[in-house]
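Visitor: Below, each chain spelled out in residue letters.
Protein chains: 4
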Amino acid sequence: MKHNRHSASSALRRRARKIRIVLMDVDGVLTDGKIFVCAEQGGKVADIKLFHAHDGVGLKLAKQMGLFTGVISGRHSPATAKRAIELGIDFVFQGQESKLLAYQQVLKQTGATDEEVCYIGDDLPDLPLLRRVGLAVSVPNAAVEAKKNAHYITDRPGGDGAVREVIELIFKAKGQWREAVATFMIHAG
Amino acid sequence: MKHNRHSASSALRRRARKIRIVLMDVDGVLTDGKIFVCAEQGGKVADIKLFHAHDGVGLKLAKQMGLFTGVISGRHSPATAKRAIELGIDFVFQGQESKLLAYQQVLKQTGATDEEVCYIGDDLPDLPLLRRVGLAVSVPNAAVEAKKNAHYITDRPGGDGAVREVIELIFKAKGQWREAVATFMIHAG
Amino acid sequence: MKHNRHSASSALRRRARKIRIVLMDVDGVLTDGKIFVCAEQGGKVADIKLFHAHDGVGLKLAKQMGLFTGVISGRHSPATAKRAIELGIDFVFQGQESKLLAYQQVLKQTGATDEEVCYIGDDLPDLPLLRRVGLAVSVPNAAVEAKKNAHYITDRPGGDGAVREVIELIFKAKGQWREAVATFMIHAG
Amino acid sequence: MKHNRHSASSALRRRARKIRIVLMDVDGVLTDGKIFVCAEQGGKVADIKLFHAHDGVGLKLAKQMGLFTGVISGRHSPATAKRAIELGIDFVFQGQESKLLAYQQVLKQTGATDEEVCYIGDDLPDLPLLRRVGLAVSVPNAAVEAKKNAHYITDRPGGDGAVREVIELIFKAKGQWREAVATFMIHAG
Chain U
1 MKHNRHSASS
11 ALRRRARKIR
21 IVLMDVDGVL
31 TDGKIFVCAE
41 QGGKVADIKL
51 FHAHDGVGLK
61 LAKQMGLFTG
71 VISGRHSPAT
81 AKRAIELGID
91 FVFQGQESKL
101 LAYQQVLKQT
111 GATDEEVCYI
121 GDDLPDLPLL
131 RRVGLAVSVP
141 NAAVEAKKNA
151 HYITDRPGGD
161 GAVREVIELI
171 FKAKGQWREA
181 VATFMIHAG
Chain F
1 MKHNRHSASS
11 ALRRRARKIR
21 IVLMDVDGVL
31 TDGKIFVCAE
41 QGGKVADIKL
51 FHAHDGVGLK
61 LAKQMGLFTG
71 VISGRHSPAT
81 AKRAIELGID
91 FVFQGQESKL
101 LAYQQVLKQT
111 GATDEEVCYI
121 GDDLPDLPLL
131 RRVGLAVSVP
141 NAAVEAKKNA
151 HYITDRPGGD
161 GAVREVIELI
171 FKAKGQWREA
181 VATFMIHAG
Chain W
1 MKHNRHSASS
11 ALRRRARKIR
21 IVLMDVDGVL
31 TDGKIFVCAE
41 QGGKVADIKL
51 FHAHDGVGLK
61 LAKQMGLFTG
71 VISGRHSPAT
81 AKRAIELGID
91 FVFQGQESKL
101 LAYQQVLKQT
111 GATDEEVCYI
121 GDDLPDLPLL
131 RRVGLAVSVP
141 NAAVEAKKNA
151 HYITDRPGGD
161 GAVREVIELI
171 FKAKGQWREA
181 VATFMIHAG
Chain S
1 MKHNRHSASS
11 ALRRRARKIR
21 IVLMDVDGVL
31 TDGKIFVCAE
41 QGGKVADIKL
51 FHAHDGVGLK
61 LAKQMGLFTG
71 VISGRHSPAT
81 AKRAIELGID
91 FVFQGQESKL
101 LAYQQVLKQT
111 GATDEEVCYI
121 GDDLPDLPLL
131 RRVGLAVSVP
141 NAAVEAKKNA
151 HYITDRPGGD
161 GAVREVIELI
171 FKAKGQWREA
181 VATFMIHAG
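Sequence order for the protein chains is U, F, W and S. So the first sequence is residues 1 to 189, counted in this note's numbering. So the second sequence is residues 1 to 189, counted in this note's numbering. So the third sequence is residues 1 to 189, counted in this note's numbering. So the fourth sequence is residues 1 to 189, counted in this note's numbering.
Keep in mind the hints are simulated off the structure, nothing from the lab. This one's a predicted model, so the numbers in the text were calculated from it and none came from an experiment. Virtual Cβ for every residue (Gly too), placed ideally from N, Cα, C. Treat the hints with care, since some could be wrong.
[What the hints assert, rightly or not] The calculated lysine-lysine pairs, modelled on BS3-like cross-linking and capped at a C-alpha distance of 27 Å, are: (1) W:63 / F:34; (2) W:82 / F:148; (3) S:60 / U:174; (4) W:108 / F:82; (5) W:34 / U:34; (6) W:18 / F:34.
[As the list claims (entries may be wrong)] Per label pair, the in silico range of CB-to-CB distance: (7) S:147 / F:10: 48 to 56 Å; (8) U:182 / S:8: 31 to 39 Å; (9) W:179 / S:64: 44 to 52 Å; (10) S:147 / W:17: 24 to 32 Å; (11) U:105 / W:185: 53 to 61 Å.
[To be verified] Pulled from the structure, derived: some chain W residues nowhere near chain F, Cβ distances all over 10 Å: (12) 11; (13) 108; (14) 124; (15) 140; (16) 176.
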């Protein structure tokens with residue numbers, strides 16, 4: 001059974017409380033799945049991706065509060081690399097034919113177990129990871145096979161706050177969301 | 001009568017089972033119909049198109065499972081050419097005043113008959129092909145004349161998974177969809 | 001009273017039958033109103049606009065069937081100029097503080113009267129023209145003041161087929177739509 | 001209690017009547033929150049933002065009618081700077097870790113009090129300002145914490161007319177909207 005934000009069951013909260021690492025696909029999850037293809041006369045190549053500000057605030061917050069974050073993408077995009085640096089994302093794997101190899105490397109480097117990992121994916125290449133992690137998340141605009149393998153489907157679409165929603169869910173399950181919000185009020189006097 | 005994904009009639013499945021070649025328009029089908037026009041100071045020209053990741057996975061899958069794929073577009077776009085190479089699309093016709101000439105060339109090169117071809121189109125220039133192929137498909141955002149000439153109208157809009165939906169429909173009709181999905185689980189062991 | 005496509009009243013059809021010239025605003029009408037602002041390091045300037053393929057087919061058709069077409073925009077955009085050339089648009093006025101001066105020039109050059117002009121606009125700067133032309137059209141995403149001054153509000157939003165819908169309405173009122181569609185079937189033999 | 005455009009309560013109108021300065025966040029307010037990340041081969045950097053024409057007309061109108069306008073953004077974007085010049089925006093603060101410092105500078109320069117300021121924000125970094133100003137506004141696509149701290153939530157989404165709606169609300173409360181619209185009819189004779 002899938003759960004949404006408003007009815008996060010105790011089973012879902014139990015899964016969320018164990019999470020130390022949030023990994024995610026890029027296209028369709030951190031974006032709405034639209035791929036910009038740019039061709040310039042003279043052969044120069046520009047790469048464009050469209051991310052969401054709310055996800056950015058969420059990912060910075062995740063890092064600040066001690067979670068590891070990472071992206072594992074089948075495509076290679078310099079724009080994704082640039083955004084990852086901006087947000088302090090810990091693991092950046094791109095051009096991955098098999099996402100499982102990247103995943104195993106993350107486990108090795110962090111000493112984490114499957115149940116300490118949340119993975120957010122939206123399509124067939126994400127199936128192996130969705131079936132394995134402790135908290136498997138998909139998005140409303142995902143392929144049906146990805147949704148079937150998720151413990152949670154976000155309300156917000158990919159590229160429009162889905163990742164932020166997951167980070168919020170994890171911190172709420174851990175009882176840390178108030179603390180997270182409070183960091184923004186420091187200068188408010 | 002039009003059919004949607006959930007009620008694919010036996011007549012529609014019969015049409016889909018015969019398909020060896022999937023041809024499609026670009027603007028409005030592989031994209032949402034929005035045309036990026038870019039002008040740069042100094043006269044340089046950049047060309048941008050916005051495709052969808054789900055369609056990309058679908059077209060790669062189609063090729064891998066032995067279908068021919070192709071695009072026939074009235075416009076000329078270097079970005080489309082680039083995307084076609086990325087996805088291993090077999091036939092790329094652009095700047096075509098008459099789509100029928102390109103179509104006839106595909107038949108000749110492949111030895112296929114009309115009923116072995118699926119064509120996806122959304123506007124008036126697509127009418128000649130929609131009226132001729134074995135499986136004529138249109139999209140929700142199409143001109144009414146294109147919809148009237150289609151055997152099937154996708155649930156997903158152009159540029160947002162319509163092509164993926166058609167490829168899925170064909171493989172399901174052929175009883176090959178499970179096999180297609182399984183190729184993504186190889187490394188999942 | 002406003003009319004939509006499905007209930008085009010005889011009063012609306014009477015207005016539409018007289019039209020020889022279709023003029024329109026750009027932002028919000030030929031686009032969805034989103035303004036791309038691009039800044040490049042080194043001071044180079046790129047200009048991007050997002051048009052719709054269906055409007056493009058409609059505007060080419062309008063020209064082919066003998067209507068004059070034109071854009072009158074408050075902003076100056078090289079991308080609009082480029083698109084106008086592509087589509088054979090007859091009148092291109094940009095950077096117009098007062099749209100009325102451009103309008104009067106069109107009347108002078110064509111010898112047309114107010115009632116032979118259709119104008120499509122979506123915001124306050126369009127009010128003077130909407131109040132004057134024979135067929136004033138606005139879009140669902142328009143400012144309420146523009147809608148109040150329109151004889152017709154399109155079903156399709158600006159940048160997503162609104163202009164195409166108006167051209168279709170005019171040709172249907174003139175009894176020429178079948179003929180227009182038929183031009184696409186010439187090579188279908 | 002939140003109010004929408006159609007039921008602007010007398011309490012809301014009282015707040016709006018006092019406003020001399022309209023300040024706003026950029027991402028999610030003047031845009032839909034989507035962040036374009038562009039990477040070009042050779043290390044050149046382009047910055048793109050997507051604003052809305054209706055907000056542009058509104059901000060020009062605000063200036064013309066004597067309001068101060070300003071943006072306070074956590075990110076730094078040359079495209080925002082360019083748009084701000086185009087629209088004659090008075091205060092442009094970017095790359096602000098604490099928005100409160102920028103806010104205090106605006107108060108100092110203008111001699112305004114909190115209740116003479118309207119601030120429009122959509123996410124956690126906006127909370128300190130939303131809690132302080134006389135008229136706190138948020139958007140439908142905002143984080144729930146921002147909405148909870150707003151006196152008014154716009155009907156139109158960020159990047160799609162939200163700012164225009166607020167400017168209209170203020171001028172209507174002041175009884176100046178008719179006058180504002182009339183400025184566009186000057187050349188209409």
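Visitor: Determine for every hint whether it applies to the structure shown.
Guide: To see whether the hints hold, each was checked on the structure:
{"no.": "1", "hint": "W:63 / F:34", "result": "holds, 21 Å"}
{"no.": "2", "hint": "W:82 / F:148", "result": "violated, 33 Å"}
{"no.": "3", "hint": "S:60 / U:174", "result": "violated, 47 Å"}
{"no.": "4", "hint": "W:108 / F:82", "result": "violated, 47 Å"}
{"no.": "5", "hint": "W:34 / U:34", "result": "holds, 18 Å"}
{"no.": "6", "hint": "W:18 / F:34", "result": "violated, 31 Å"}
{"no.": "7", "hint": "S:147 / F:10: 48 to 56 Å", "result": "holds, 50 Å"}
{"no.": "8", "hint": "U:182 / S:8: 31 to 39 Å", "result": "holds, 32 Å"}
{"no.": "9", "hint": "W:179 / S:64: 44 to 52 Å", "result": "holds, 48 Å"}
{"no.": "10", "hint": "S:147 / W:17: 24 to 32 Å", "result": "violated, 50 Å"}
{"no.": "11", "hint": "U:105 / W:185: 53 to 61 Å", "result": "holds, 58 Å"}
{"no.": "12", "hint": "11", "result": "holds, 24 Å"}
{"no.": "13", "hint": "108", "result": "holds, 29 Å"}
{"no.": "14", "hint": "124", "result": "holds, 26 Å"}
{"no.": "15", "hint": "140", "result": "holds, 15 Å"}
{"no.": "16", "hint": "176", "result": "holds, 14 Å"}
Checked against the numbered hints above, the structure breaks hints 2, 3, 4, 6 and 10 and satisfies the rest.
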